[in-house]
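Colleague: Residue numbers (the numbering used here): 1 to 260.
If you are wondering where the hints come from, they were derived from the structure by calculation, not from laboratory data. Warning: the hint list may mix true and false statements.
To be verified - Derived lysine-lysine pairs resembling BS3-like cross-links, with alpha carbons at most 25 Å apart: (1) Lys15 x Lys256; (2) Lys256 x Lys92; (3) Lys10 x Lys101; (4) Lys192 x Lys92; (5) Lys256 x Lys192; (6) Lys256 x Lys101; (7) Lys15 x Lys101; (8) Lys92 x Lys10; (9) Lys101 x Lys217; (10) Lys192 x Lys11; (11) Lys192 x Lys10; (12) Lys101 x Lys192.
Quick caveat, the model's predicted, so the values are computed rather than measured.
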Amino acid sequence: MYSILYRTLKKLQLKVMIGFSFILGVSSLITGDILISFPKESFLGYPASVFSFQLLVIPIPTLIIYRFLFPLFSSIAVGDTVAQDINTGYIKSAISHSTLKRYLTNHMFVSFFCGGIISILPVLVSMWGMLLFIPSIPLNRFYSMQLVDSQDFMPSIYYGHPFIYFTLRVAFIFVFGGALSLLSTIVSYLLKNRYLAIITPLFILMCIDMTIRIFRKESLTLTSQFIGTENLQWTGISFLLIIFLLSIFTVIQGVKKHEI
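Could you put the whole structure together from the sequences, leaning on the hints where they help?
Modeller: Here it is as structure tokens:
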């Protein structure tokens with residue numbers, strides 16, 4: 001696993017995505033009107049809290065871009081590695097020192113971890129940047145009640161313990177990004193094509209969300225559930241279960257057929 005992680009950390013696209021994540025996170029300070037209107041105040045001169053302006057709560061342009069590019073964030077860094085190893089023949093050398101089962105299993109773990117880390121970077125950078133300008137004070141429920149309503153994910157935690165709420169939402173993003181990265185790795189192994197591996201998660205996510213929106217069920221879209229303040233619904237749970245089961249099935253079938 002360490003050799004796979006080492007090779008992943010050396011990849012150019014990983015470094016590019018880390019850089020782009022920082023740029024996107026910092027851009028929220030501009031699109032969210034943080035730098036221009038400093039210091040921030042809520043109504044009637046009441047000082048604003050950083051948790052009222054975090055990226056996941058306010059629908060600023062940065063959040064829209066982040067949601068759209070999210071599948072690429074999660075998959076482009078590591079999702080095509082297996083296809084690259086197969087096409088270059090490196091996989092034959094790798095499994096000569098180990099087994100195909102261990103190779104695929106380690107790749108799945110690295111893919112999930114790296115995909116999750118890259119996915120949450122813009123949100124963390126945005127929060128760190130906002131903390132430089134906006135105080136981390138308790139939320140005033142009266143002035144912030146329109147941000148997370150009673151139908152959203154645990155509003156009582158948001159208003160009572162906003163940092164815990166933020167941490168939970170970041171964990172949701174990590175798992176979602178890791179799952180999309182796993183999907184990319186699965187496609188990478190099955191189709192042996194780097195470009196299809198990267199673009200497939202984006203295509204599938206867009207199709208699922210567009211189909212759900214046809215029936216006017218925005219709260220059931222995968223993007224809204226994992227990137228925002230919506231409750232986790234059966235569609236999101238089902239998607240995660242399917243991806244995790246597919247990854248297990250891919251490892252089992254890959255070892256069984258031993259197709260390289």
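Colleague: None of the hints should be skipped; say for each whether it holds.
Modeller: How the hints compare with the structure:
no., hint, result
1, Lys15 x Lys256, "violated, 35 Å"
2, Lys256 x Lys92, "holds, 16 Å"
3, Lys10 x Lys101, "holds, 24 Å"
4, Lys192 x Lys92, "holds, 14 Å"
5, Lys256 x Lys192, "holds, 17 Å"
6, Lys256 x Lys101, "holds, 9 Å"
7, Lys15 x Lys101, "violated, 28 Å"
8, Lys92 x Lys10, "holds, 21 Å"
9, Lys101 x Lys217, "violated, 40 Å"
10, Lys192 x Lys11, "holds, 18 Å"
11, Lys192 x Lys10, "holds, 21 Å"
12, Lys101 x Lys192, "holds, 17 Å"
Hint check: violations occur at hints 1, 7, 9; the rest are consistent with the structure.
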